[in-house]
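Residue numbers (the working numbering), protein chains in the order written: chain X, 1 to 284; chain U, 1 to 287; chain L, 1 to 268.
Quick caveat, the hints were computed from the structure, so don't treat them as lab data. Quantities reported herein were computed from a predicted structural model and do not represent experimental measurements. Among the hints, a few may not be true.
Unchecked claim - In silico SDA-like pairs for lysine to any residue, Cα to Cα no more than 25 Å straight-line: (1) LYS180/L with GLN51/U; (2) LYS52/X with PRO177/U; (3) LYS180/L with GLY243/U; (4) LYS177/L with THR11/U; (5) LYS110/U with PHE209/L; (6) LYS180/L with GLU4/U; (7) LYS199/L with GLU118/U; (8) LYS180/L with THR9/U; (9) LYS134/X with GLY147/U; (10) LYS110/U with LEU219/L; (11) LYS110/U with LYS180/L; (12) LYS282/U with GLY257/X; (13) LYS244/L with THR116/X; (14) LYS134/X with GLU118/U; (15) LYS177/L with GLY147/U; (16) LYS103/U with GLY186/L; (17) LYS103/U with LEU205/L; (18) LYS177/L with GLU118/U; (19) LYS125/U with LEU184/U; (20) LYS74/X with PRO146/L; (21) LYS74/X with GLY217/L; (22) LYS180/L with ASP24/U; (23) LYS148/L with LYS193/U; (24) LYS222/U with LYS180/L; (25) LYS134/X with HIS41/U; (26) LYS180/L with SER19/U; (27) LYS180/L with MET142/X; (28) LYS180/L with ASN91/X; (29) LYS180/L with GLY43/U; (30) LYS274/U with PRO177/U; (31) LYS180/L with GLY145/X; (32) LYS52/X with GLY186/L; (33) LYS103/U with LEU219/L.
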Amino acid sequence: MNEQVRIQLEDVSYTYEEAPSPALSHATAQIREGEFVAVLGHNGSGKSTLAKLLNALYLPSEGRILVCGYDTAKDEFVWEIRRRAGMIFQNPDNQIVATIVKEDVAFGLENLGVPTEEMLPRVESALAAVHMSKFADSAPHMLSGGQKQRVAIAGILAMEPSVLIADEATAMLDPSGRQEVLETVRTLNRQKGITVVWITHFMEEAAQADRILVVSDGQIVSEGTPREIFDDVEKMRDLHLDVPRMTSLAAELRAQGMPLREGILTVEELVEEVRRLCPSKSAI
Amino acid sequence: MSIEVRHLTHTYGEGSAISTVALDDVSFAIEPGEFIGIVGHTGSGKSTLVQHLNGLLKPTSGQVLVDGQDLNGEGVNRRALRQRIGLVFQYPEYQLFEETVAKDIAFGPKNQGLSSEEIDRRVRKAMDSVHLDYAKYAEQSPFELSGGQMRRVAIAGVLAMEPEVLILDEPTAGLDPRGRDRILSMLEELRAKDHTTILMVSHSMEDMARLATRLLVISEGKLVADGSPREVFARRDLMTSIGLDIPESAKLCAALRAAGYDLPADLYRPEELKEQLLRLWKEASAC
Amino acid sequence: MLTNITMGQYYPVDSPIHRLDPRVKLVLTIAFIVAVFLVHTLLGYALILGFVYLVSRLAKIPFKMLIKGIKPLRMILILTFLLNLFFTAGETVLVEFWIIRITREALRQAVFYSLRLIFLVIGTSVLTLTTSPVALSDAIELLLGPLKKIHFPAHELAMMMTIALRFIPTLLDETDKIMKAQMARGADFESGNLISRAKSMVPLLVPLFVSAFRRAGDLAMAMESRCYHGGEGRTRFRVLKVTKNDYLACAAMAGLIALIILEGIFLT
Numbered sequence: 001m002n003e004q005v006r007i008q009l010e011d012v013s014y015t016y017e018e019a020p021s022p023a024l025s026h027a028t029a030q031i032r033e034g035e036f037v038a039v040l041g042h043n044g045s046g047k048s049t050l051a052k053l054l055n056a057l058y059l060p061s062e063g064r065i066l067v068c069g070y071d072t073a074k075d076e077f078v079w080e081i082r083r084r085a086g087m088i089f090q091n092p093d094n095q096i097v098a099t100i101v102k103e104d105v106a107f108g109l110e111n112l113g114v115p116t117e118e119m120l121p122r123v124e125s126a127l128a129a130v131h132m133s134k135f136a137d138s139a140p141h142m143l144s145g146g147q148k149q150r151v152a153i154a155g156i157l158a159m160e161p162s163v164l165i166a167d168e169a170t171a172m173l174d175p176s177g178r179q180e181v182l183e184t185v186r187t188l189n190r191q192k193g194i195t196v197v198w199i200t201h202f203m204e205e206a207a208q209a210d211r212i213l214v215v216s217d218g219q220i221v222s223e224g225t226p227r228e229i230f231d232d233v234e235k236m237r238d239l240h241l242d243v244p245r246m247t248s249l250a251a252e253l254r255a256q257g258m259p260l261r262e263g264i265l266t267v268e269e270l271v272e273e274v275r276r277l278c279p280s281k282s283a284i
Numbered sequence: 001m002s003i004e005v006r007h008l009t010h011t012y013g014e015g016s017a018i019s020t021v022a023l024d025d026v027s028f029a030i031e032p033g034e035f036i037g038i039v040g041h042t043g044s045g046k047s048t049l050v051q052h053l054n055g056l057l058k059p060t061s062g063q064v065l066v067d068g069q070d071l072n073g074e075g076v077n078r079r080a081l082r083q084r085i086g087l088v089f090q091y092p093e094y095q096l097f098e099e100t101v102a103k104d105i106a107f108g109p110k111n112q113g114l115s116s117e118e119i120d121r122r123v124r125k126a127m128d129s130v131h132l133d134y135a136k137y138a139e140q141s142p143f144e145l146s147g148g149q150m151r152r153v154a155i156a157g158v159l160a161m162e163p164e165v166l167i168l169d170e171p172t173a174g175l176d177p178r179g180r181d182r183i184l185s186m187l188e189e190l191r192a193k194d195h196t197t198i199l200m201v202s203h204s205m206e207d208m209a210r211l212a213t214r215l216l217v218i219s220e221g222k223l224v225a226d227g228s229p230r231e232v233f234a235r236r237d238l239m240t241s242i243g244l245d246i247p248e249s250a251k252l253c254a255a256l257r258a259a260g261y262d263l264p265a266d267l268y269r270p271e272e273l274k275e276q277l278l279r280l281w282k283e284a285s286a287c
Numbered sequence: 001m002l003t004n005i006t007m008g009q010y011y012p013v014d015s016p017i018h019r020l021d022p023r024v025k026l027v028l029t030i031a032f033i034v035a036v037f038l039v040h041t042l043l044g045y046a047l048i049l050g051f052v053y054l055v056s057r058l059a060k061i062p063f064k065m066l067i068k069g070i071k072p073l074r075m076i077l078i079l080t081f082l083l084n085l086f087f088t089a090g091e092t093v094l095v096e097f098w099i100i101r102i103t104r105e106a107l108r109q110a111v112f113y114s115l116r117l118i119f120l121v122i123g124t125s126v127l128t129l130t131t132s133p134v135a136l137s138d139a140i141e142l143l144l145g146p147l148k149k150i151h152f153p154a155h156e157l158a159m160m161m162t163i164a165l166r167f168i169p170t171l172l173d174e175t176d177k178i179m180k181a182q183m184a185r186g187a188d189f190e191s192g193n194l195i196s197r198a199k200s201m202v203p204l205l206v207p208l209f210v211s212a213f214r215r216a217g218d219l220a221m222a223m224e225s226r227c228y229h230g231g232e233g234r235t236r237f238r239v240l241k242v243t244k245n246d247y248l249a250c251a252a253m254a255g256l257i258a259l260i261i262l263e264g265i266f267l268t
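With the hints as extra help, turn the sequences into a complete structure.
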């Protein structure tokens, strides 16, 4: 298979025990190295199931998943997959194990059997990468939600993964915490080339991804760049998903005959279009 | 019912080395029928304020007056007053405990000592208010519901006490857009139908722009702005200086004005911007 | 304060005693308990007292704090003293009054048993005051390590202790929140008789248990996803090292025990 492909879903279905219908059905997708892919969908759409499948926490009922080339269904690859594709979860409190930040970051390394003398430098550089070095000796319960999530990310980073899966990692945070966590992950994506699978129901976050997979009722219903996805305002509305305020405003204006270009996401882009269409006297 | 907060100050761990001032000389009055949005950073003192309004905390100094009566005064029946002011905490679904949805919602009215007919009437009405079908859900276990439904059960549990003032601490936190819209439209209805006064703490300026008739902005324990959303969102510098956002539409308004367009300074609703942009476009294409 | 609870009794200052290897401290505490049981004379107790005083000075623990540890035990202490005083057989009668008869031997035994109890508490207090719970769970895991051969779950035990310590503050926070939320719904946790008060705890305890189980489920998944698979093949981030001071401490304890034994032989 192609070296560049980090995650490959081949016609994957998953049904929970005793559930009448599959939580995920016939999903096929590819995520390439260095991509930042958002999986956007409602609670119960199947997006969290997808996350757990990628980490071999669940095994597909049908189809096949390859993570970094390893088949998740094969027992012997489980630890390799989890080391290479680290995952952070929704509730910041429920994923920190140790009572001191740096010890929690080392937790994964201890599990992997990394020699003690190698741990400290790896823990320190992981904490530095998420800007949490000064909290190395703090107790986790004294940190804010955003800081706890960054500690969780450091715990994954210390294992030197090539993929980071975030399963609604910002759903329980306030706006500044959300920003801080997303910013951290985007930097890791750009600077270290870590492939990111960002599972969320916040359109603002999905809008910052390279590519979006929209999940609804267990199916991947659309796929494309944020501009392509959000421009279909009607479809997003049918799926009860938000679109950026400026995109929906532009769509309404277009419906009234104003010839705005497609794919507007931000305030700046809309202002630019307004300047093109209505050069005001004082603005010229 | 009117609530007046006078020079309210609250210090946690007073006298100890780690004492922190959570609220610092806050004063305002709430009139019946208002929809008040309380905005501020995490740790700004919002949650402390909200708990004072329900008498769950005692002021270090200052007063909370309910219909002129001091909530913490001598001989005041705090439990009785508390029942007239409903408080929905953050992630309220974590307080559910009964075997069935109906029993859980009945917990508040039962504590009020109401007759079983009255309790039954209130449970039905509260479920109706949160759009949960009585026939379908009343006898279900609340723990088998979806997250959004659990939250609505928890809110119904407070509504069943028929409070005159309803306070909600981030009622949409953690919900997806569909769950969020359900809660918000439910609150709109509640205010229109039952004339309930509503106070809502939220981080979402878009939600505030849609619902609030008045905003209280809190920063570092102080009330730094108190006014209509139009007034508050026009004070962009103040908002950014304390790390708060303003609605996208208000940003667009500011950006267009900065680009030299002739617009009123205080627009913040998407509809208003749409109108203005169409006007600009028509003026431009006319000449 | 919440922070105090996770720290247990830990008195966070830096001292030579604090810096000792927790394994050594644990073993020495056991040795100290043995020493206390070896004592049979008042002079022996004076030796023990002197030793405790020295250690507490070295550890920078105010003597007051050690005494505080005894307080909760005062009923048991009084009871021990009185029972021994009245019910120990003896010959030399000191006081005789109605059915009460106090002998010299009984008085001696009452005093000794009480002192023994006091020093047991003080000895363990020194350990918990100078060793954080985390270090203590480490020490227990390592000391019990050899028992893994007979399938004793030393690692699991220590992991459980760590997780419990990690989640105590979280659950306390949660208790406070749920309690307030139920109070806002008119719940009354304070008044009423014992039965109605126990009943009023249901709205608090059920959500708390539900939440604890949910957290446990989440945590198990997070740990698995971070490659946790039990103690096998696991390395340690925190390593404990025995230093010169640890040897010194062992020598001091050996000295104390030797003195007590010698004093017991020659002075009785």
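With a cut-off of 25 Å on the C-alpha distance, tell me whether LYS180/L and THR9/U pass.
holds (20 Å)
Does LEU219/L sit within 25 Å of LYS103/U, going by the straight-line distance between their CA atoms?
Given that 25 Å is the threshold and the Cα spacing comes to 31 Å, the pair is violated.
Given hint GLY217/L paired with LYS74/X - CA-CA distance at most 25 Å:
holds (24 Å)
Take a quick look at whether LYS180/L and GLY243/U sit within 25 Å of each other, Cα to Cα.
violated (29 Å)
Is LYS134/X close enough to GLU118/U, meaning Cα to Cα at most 25 Å?
Given that 25 Å is the threshold and the Cα spacing comes to 57 Å, the pair is violated.
Taking 25 Å as the top limit, are the C-alpha atoms of LYS52/X and GLY186/L close enough?
This hinted pair is violated, its Cα atoms lying about 41 Å apart.
Proposed proximity, PRO177/U with LYS274/U (alpha carbon, max 25 Å)
Roughly 23 Å separates the two Cα atoms, so the pair holds.
Straight-line alpha-carbon gap LYS180/L to GLU4/U, limit 25 Å
holds (22 Å)
Distance restraint between LYS103/U and LEU205/L, which requires alpha-carbon spacing of 25 Å or less:
Roughly 16 Å between the alpha carbons, so the hint for LYS103/U and LEU205/L holds.
Holds or violated: LYS222/U and LYS180/L, Cα atoms, limit 25 Å.
holds (24 Å)
Agreement of LYS180/L and GLY43/U with the hint, judged by alpha carbon distance not exceeding 25 Å
The given pair, whose Cα atoms are some 18 Å apart, holds under the 25 Å limit.
Below or equal to 25 Å on CA atoms is what counts here, so check LYS148/L against LYS193/U.
Between LYS148/L and LYS193/U the Cα gap is close to 68 Å, so the pair fails against 25 Å, i.e. violated.
This entry does not satisfy hints 3, 9, 10, 14, 18, 20, 23, 32, 33, going by the numbered hints stated previously.
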